[in-house]
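Participant: Given these sequences and hints, build the entire structure.
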Amino acid sequence: MNPAFSVIFLTTLIGAGQGLFLALFGAELAGFRGAEAGARDFLVMGGVVALVLTGGGLLASFFHLGRPERAWRSATMWRSSWLSREVIALPVFMGCLFLWTAGHALGLPSTLALGSVAVLAALALFLCTAMVYISVRFLQEWASTYTFVNYTLLGLASGCTLATALAAHGAPSLVRAYGACALLFTLAGLVSRSLSLARNARIRPRSTVQTAIGIRHPQIVQRAMGFMGGSFNTREFFHGRTPGALRQVKWAFLLGAFVLPLCLLAIGLASASAGLLALAFVVQYAGLLAERWFFLAQANHPQNLYYQAVS
Amino acid sequence: MTQLALVIDLNVCVGCHACVTSCKQWNTSGSAGPLVDDQPYGKDPSGTFFNRVQTFEVGEYPHTQTVHFPKSCLHCEDPPCVPVCPTGASYKRKEDGIVLVDYDKCIGCKYCSWACPYGAREFDEDRKVMTKCTLCVDRVTDKALPEPERKPACVLACPANARLFGDVHDPESAVSTAIRERGGYALMPEWNTRPANHYLPRQRTGMTIHAEDLVRVDNPLKIDGKQPELPQQGAGREDYAT
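Protein sequences, first through last, are from chains A and B.
Sequential numbering from 1 applies to the first sequence in our numbering.
Sequential numbering from 1001 applies to the second sequence in our numbering.
Hints listed in this document are in silico derivations from the structure and should not be mistaken for laboratory results.
Even glycine gets a Cβ: it sits at the ideal position worked out from N, Cα and C.
Each hint should be verified, as a subset may be incorrect.
[As the list claims (entries may be wrong)] Listed below are the simulated DSBU-like cross-link pairs for lysine-lysine, each with C-alpha atoms no more than 35 Å apart in a straight line:
#: 1; chain 1: B; residue 1: Lys1110; chain 2: B; residue 2: Lys1094
#: 2; chain 1: B; residue 1: Lys1043; chain 2: B; residue 2: Lys1094
#: 3; chain 1: B; residue 1: Lys1094; chain 2: B; residue 2: Lys1128
#: 4; chain 1: B; residue 1: Lys1128; chain 2: B; residue 2: Lys1110
#: 5; chain 1: A; residue 1: Lys250; chain 2: B; residue 2: Lys1094
#: 6; chain 1: A; residue 1: Lys250; chain 2: B; residue 2: Lys1128
[Said to hold, decoys possible] Going by beta-carbon spacing under 8 Å, a handful of chain B positions derived as facing chain A:
#: 7; residue: Asn1011
#: 8; residue: Val1012
#: 9; residue: Val1014
#: 10; residue: Cys1016
#: 11; residue: Ala1018
#: 12; residue: Thr1021
#: 13; residue: Phe1123
#: 14; residue: Val1137
#: 15; residue: Trp1191
[Unchecked claim] Quick look at which bits of chain A chain B covers, simulated, 3 or more residues with Cβ under 8 Å:
#: 16; segment: 75-88
#: 17; segment: 131-139
#: 18; segment: 294-304
Facilitator: Take a look at the structure:
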């Protein structure tokens, strides 16, 4: 597929926002309450950052639409479409997140209940986002449980890394716990993403040029796709890069999203350096952009079988 | 239930692209607005088409066959592009099984095109909505047209009669007969999309001539004894055919 930057930013930004909120609410559950003045400020600040991230993701998604003014219609087919469910789950999560943040800002007592609902919304959003890709069964690289596991783990990893960096400024008592979570989820993300890379490397495409045109002969080559200019079919479904470039992006994201942040987090935690922890998040987010680009680009759409040769 | 569909005879398609141009002409002139043509005479032309004719070479030179392969929306009976649409703009008509896009509801998210393994859908860069073959729904249902003209533009244009149109759920229709008797098949059966459109395979062309085929058993000259007798006598092969 040809990765769209709107989709890359949407999925990475909301993933980090969900992960950050889950980290904040985890701290609240663990007894880090709004009673202390500093704690309340930190939770509110974190909630606002998570809102900004998810809002940025929502904004990015509009750039994917040909007719953004009709975007409201996309909530109508939730009975059948995972995309529609995602379109509902994202604002619901943002709404819960806003109420939870506002609850802390106003000192309301019901933040635990609000937060619990927001947790359910965040998990539902992880599921919906992943299912948008898993449910396209022709794209065998996407149609795997790994897609859901990776989206969730990478969201949690980037959210926890961000929480660590924020805690270094607003809640020093949480830095070590958040740092441990960030290391854990980044490591888990590295394992599951590597496993999914290994799985995708072994995929045997179910569709071949033989099944595409229904002629059972081992030797079939396309001589003409029927036109010499470009078309939607030649633009949307192939990234247009060489296999070598794809491999470089793969190593870049393995380094940027996992290895470097792990090192930066470890050094940052050991030396108690807020700057290094912030750098860890920036590097990891950039790495995740590359990871998402690769995830989208790697999917090999069977329609490409019909567009192999110009003439 | 009616399921309108095309049956495309690969045995006679000559790859002339008449179906492509007639499709473009009809569908760019309709009330839904023109199909985009971006820089048609420029350096990098691009445009939206609902139908393409592609060419494949089967076998190894010199034992090759050139197969011209027309491809448009297959109007699947279980269309994977329809349930994924978040707005309901993509739908399959109950009355005749045509898969359509409501251009007024489409938000142009392109998700349906991802969900079509055949690449049948093309995004219109001018109207910013997804477009696809309508099976000329505005022609085939137009009661003002004389009955023989209520067919898709591509079917009417085909000079080789390689495109048949009809109801594949009616076992007596010409398309059902062709599918049944000539080995009609569906594309990418592995995805269980159950395409309504079918393709008729190439046929081996050839004939076997028997010696007796060259001789008329009832040759009057022979009967009258005016021509020497040939070795073949009595009833021939064809006399047992029925």
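Participant: Hint by hint, note whether the structure agrees.
Facilitator: Consistency of the hints with the structure:
1. Lys1110/B with Lys1094/B: holds, 24 Å
2. Lys1043/B with Lys1094/B: Violated. Lys1043/B to Lys1094/B sits at ~43 Å, over the 35 Å cutoff.
3. Lys1094/B with Lys1128/B: holds, 27 Å
4. Lys1128/B with Lys1110/B: Given pair Lys1128/B, Lys1110/B holds - Cα atoms ~10 Å apart, limit 35 Å.
5. Lys250/A with Lys1094/B: Distance of about 46 Å is beyond 35 Å: violated.
6. Lys250/A with Lys1128/B: holds, 33 Å
7. Asn1011: Nearest chain A Cβ about 12 Å off; hint violated.
8. Val1012: At 16 Å from the nearest chain A Cβ, Val1012/B fails the 8 Å test, so the hint is violated.
9. Val1014: violated, 14 Å
10. Cys1016: With Cβ-Cβ at 12 Å, over 8 Å, it is violated.
11. Ala1018: Violated: closest Cβ of chain A sits about 13 Å from Ala1018/B, beyond 8 Å.
12. Thr1021: At about 11 Å, which exceeds the 8 Å cut-off, the nearest Cβ of chain A leaves the hint on Thr1021/B violated.
13. Phe1123: holds, 5 Å
14. Val1137: violated, 21 Å
15. Trp1191: holds, 6 Å
16. 75-88: Coverage by chain B holds for the segment 75-88 of chain A (9 residues, Cβ < 8 Å).
17. 131-139: Holds: 6 residues of the segment 131-139 of chain A have a Cβ under 8 Å from chain B.
18. 294-304: This one holds; 4 residues, not fewer than the three required, reach chain B with a Cβ under 8 Å.
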